[in-house]
Amino acid sequence: MVDVTVIGCGVIGAATAAMLAKYDLSVMVLEAQNDVATGTTKANSAIIHAGYDPEPETQMARLNVEGNRLCKEWAKQLDVPCKEIGSLVLAFDEADLAMINELYRRGVANGVPELKLLSAEELLAMEPKLSHEVKGALLAPSAAVISPWDFCLALAETAVKNGAQLKRSAPVTAIEKIEGGYRLHTPQGVVESRMVVNAAGVFADKVHDMIAPHAFTTHPSRGEYYLMDKSQGALVDHVVFQCPNKDGKGVLVSPTVHGNLIVGPNAEPVAEGDDVAVTADGLAFVRRQAAKSVPEINYRDSIRNFAGVRAVTDQPDFVIAEAEGAPGFIDLGGIKSPGLSSAPAIALQAVELLGKAGLTLKEKENYVFERRETRFKELSSDEKAKLVEKSPAYGRVICRCETITEGEIIAALHSPIPPVSVDGVKRRCNAGMGRCQGGFCGPRVQEIIARELGVPQTEVLQDKAGSRILLCKTKGEDAQ
Amino acid sequence: MTEYHELIVVGGGPAGLAAACEAWEKGVRDILILERDKELGGILNQCIHNGFGLTYFKEELTGPEYAGRFVKMLYSTDVKVKTDTMVLNITPDKEIHAVNTFDGYLVLRAKSIILTMGCRERTRGAIGIPGDRPAGVLTAGAAQRYLNIEGYLVGKRVVILGSGDIGLIMARRMTLEGAKVLAVVELMPYSNGLNRNIVQCLEDFDIPLYLAHTITDIEGGDGRVSKVRVAQVDENRMPMPGTEMEFDCDTVLLSVGLIPENELSKNAGLELDRRTNGLVVYENMETSAEGIFACGNVVHVHDLVDFVTAESQAAGRSAAAYLAGNHAAGKADLEVKTAGHVTYTVPQKLRLANVEQSAKLFFRVNQVMPKAIVTVRSGEETLATFRREHMAPGEMATVTIPRVLLEKANGTITVTAEPAEEI
Chain A
4 MVDVTVIGCG VIGAATAAML AKYDLSVMVL EAQNDVATGT TKANSAIIHA
54 GYDPEPETQM ARLNVEGNRL CKEWAKQLDV PCKEIGSLVL AFDEADLAMI
104 NELYRRGVAN GVPELKLLSA EELLAMEPKL SHEVKGALLA PSAAVISPWD
154 FCLALAETAV KNGAQLKRSA PVTAIEKIEG GYRLHTPQGV VESRMVVNAA
204 GVFADKVHDM IAPHAFTTHP SRGEYYLMDK SQGALVDHVV FQCPNKDGKG
254 VLVSPTVHGN LIVGPNAEPV AEGDDVAVTA DGLAFVRRQA AKSVPEINYR
304 DSIRNFAGVR AVTDQPDFVI AEAEGAPGFI DLGGIKSPGL SSAPAIALQA
354 VELLGKAGLT LKEKENYVFE RRETRFKELS SDEKAKLVEK SPAYGRVICR
404 CETITEGEII AALHSPIPPV SVDGVKRRCN AGMGRCQGGF CGPRVQEIIA
454 RELGVPQTEV LQDKAGSRIL LCKTKGEDAQ
Chain B
697 MTEYHELIVV GGGPAGLAAA CEAWEKGVRD ILILERDKEL GGILNQCIHN
747 GFGLTYFKEE LTGPEYAGRF VKMLYSTDVK VKTDTMVLNI TPDKEIHAVN
797 TFDGYLVLRA KSIILTMGCR ERTRGAIGIP GDRPAGVLTA GAAQRYLNIE
847 GYLVGKRVVI LGSGDIGLIM ARRMTLEGAK VLAVVELMPY SNGLNRNIVQ
897 CLEDFDIPLY LAHTITDIEG GDGRVSKVRV AQVDENRMPM PGTEMEFDCD
947 TVLLSVGLIP ENELSKNAGL ELDRRTNGLV VYENMETSAE GIFACGNVVH
997 VHDLVDFVTA ESQAAGRSAA AYLAGNHAAG KADLEVKTAG HVTYTVPQKL
1047 RLANVEQSAK LFFRVNQVMP KAIVTVRSGE ETLATFRREH MAPGEMATVT
1097 IPRVLLEKAN GTITVTAEPA EEI
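Chains A and B, in that order, are what the protein sequence lines are. FYI, this note's numbering numbers position 18 of the first sequence as 21, with every residue one higher than the one before it. FYI, this note's numbering numbers position 290 of the second sequence as 986, with every residue one higher than the one before it.
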């Protein structure tokens, strides 16, 4: 029997596992998909919110503001791309001006540092590409942009490096209460665990219902996005929000941490938590709304559309509690925005709840919370020269749009959580993230995956199970 | 340590090969080609169909054969080649940073540079096709590489969006390999591909072409494509309700346009043309930086490699003249503007001192015109008119303007094309 099992390896599950791995415990992580960070974690606005949105005195307000600080600290320690670029909430009329005043008040109460209300002149001097219809804005310098999937990966790798076990393609299908803990059923076998953390994202309500009386319902809310070429990445320097409405924080325009521009999302209720299709109407709505903030976005420079699903529930706040009648079974459900920003603080709270439930938290001596990645593109000429001299694979550029070398792809394939798909490689080292979207490098990445992992090229997946890229060989024994 | 060369050619595809061969022919003796792929020849290596060389060699060759002729020519010279070498940065004062596995990190300097980076395909993200994002949605060129270079079939039941030449060629190629191509779907009321490809790749194989149609939805969850929906579009290119068709398929190939690859040019601060996404060039294929020339698809997307060869030889000659000091630098005497149905021209600028007998302008039109009149004007004055039969957006057109007429122009010339009733 293991001490704790974390169900789900999105950013919430990964952060919790990384924090648990600090202690003298046996930790198991069960992930339904073939890789970590494949649900809401990989498809969202990638913003570390400052924390002025949540109502003061709520759990969400506290976790957001504490999480904002910790995200930036952890990103530094784990070498995760993260930039503190600050955010703006634009006001276009009297009602909006009242709203940004209200957000200012909330932010001050929540302890958000350095908030400032800007006049239209100050704002346009700072961001000349904004619509000249603006009447003012709220500036929150502590907001940041991050690579959310890399943040999740870094945390999951930290957990694994410190002794946690990760099983992928292991969705939990049933949970039984047993003497001294729980028995979790997965297609990969049974896991017995003293305590359980339910971090199953949009499916957390279903996992909860496997062991406890129904307590919350996820109403998945889909958001669609445009990702633009880096040529559009300097259009604005801050995360640009409009005033929040009943559906959330509205359509934003923001540079990404990789230098692209992200535009979106809309908010559309969907029946299934894994419905991440994009729609013509949804994208048209995003373009229309974004034009109010930044009129000059050139959609000819779009390089990808995607959608993500928010784990919105029937409850206003996050669901962070021990499940009723299930001692040591902790729900981390309904982690909608600002969930990514709050992840570190949610993880710490989960550990605290496990402690209260009787888990002994004795710190290990050799816990390592540190990671260093080699990113060829970011090195100076001298550093590049030295690196290629030492390991020539860094001299072969595979992804020409993002300048990702074979050395980086090989390193990703031998990392603590090796990817099994082309998109898994992309999440780890950015190959295929650029303007040609893997058109040129896809076949070569596939070849390297097949070689390094010792599998036939036809079995290399695009992303999730069933996403085969090649159907068959045309010649030779394997031809069909 | 910095390495010096007279001429560095960035790219070893058809443009780079022809430019380097011609520069050698014209007396340049220190030439280096930098090629990112493992072999010379560029995209021609995966174009194993025939139809290349009809204009230049007066015979019908496959892509690899066409490239092979130039590679052979190159091997008879002392032009140096580095393959598997990626150029990372080019500066306006002609310093090139590159990297490979055998030399490591390279800093090179050249007296002259010819840019031939080619182009890339537009992707699903650029055109925003709604629906799921399963595997099995690929650009036609990626599918071509898998099939012709690596020997893998990407799918068995295929719908192709876009009727560009690569899409048409792949419709035939996939059919020959045993796949079923269910439809080629084109947003515009006409095809952007060459007429001969419509006939030889679609009609000969009974593959339906749906003009003025588009894909409105892709199904397949996060697995593999399972179905697409196709609808007719109205004159604003918006899908019309009630016209939907469904195709059960496992693959969607995209042939929806090519974009010149000018990231190196942008970083070097060279002037680009928003209409072509290519480099702005003078009459001698010189870019906005003195001594840096460009040719092939990095300047504008060509339909026929034979034209790439001709353009690249011109660039090679110009680089040789520049290195020999026989070159008029400085500002343009004439800016070439467009009107009517002409969408762009190459070159965009003319310096008469570098024009010998005449200047040749390449251009495209934005609608199909069975008969057309092309007019070159300067202000109100008509310098020349040309009658043309069958002009189409998919087929590049040219006019050759004698120097004596250009001398009459004042500051700008304007090229227009209008439909003509009779000839």
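No lab work stands behind these hints: they were computed from the structure. Just so it is clear, CB atoms sit at the ideal spot from N, CA and C, and this is done for glycine as well. Heads up, some of the hints might be wrong.
Stated by the list, open to error - Short, incomplete list of chain A residues facing chain B, as computed with Cβ under 8 Å:
#1 K164
#2 Q168
#3 R171
#4 S305
#5 N308
#6 G398
#7 V400
#8 I413
#9 H417
#10 L456
#11 G457
#12 Q460
#13 R471
Hint by hint, here is what the structure shows:
1. K164: violated, 29 Å
2. Q168: violated, 26 Å
3. R171: Where the cut-off is 8 Å and the nearest Cβ of chain B is about 15 Å from R171 of chain A, the hint is violated.
4. S305: For S305 of chain A, the interface hint holds, since the closest Cβ of chain B sits about 6 Å away, which is under 8 Å.
5. N308: holds, 5 Å
6. G398: holds, 4 Å
7. V400: Status holds, d = 4 Å.
8. I413: violated, 12 Å
9. H417: Status violated, d = 18 Å.
10. L456: Since chain B brings no Cβ nearer than about 17 Å to L456 of chain A, farther than 8 Å, the hint is violated.
11. G457: violated, 18 Å
12. Q460: With a closest approach of 7 Å, the Q460 of chain A hint holds.
13. R471: holds, 6 Å
Of the numbered hints given earlier, the model fails hints 1, 2, 3, 8, 9, 10, 11; all others are met.
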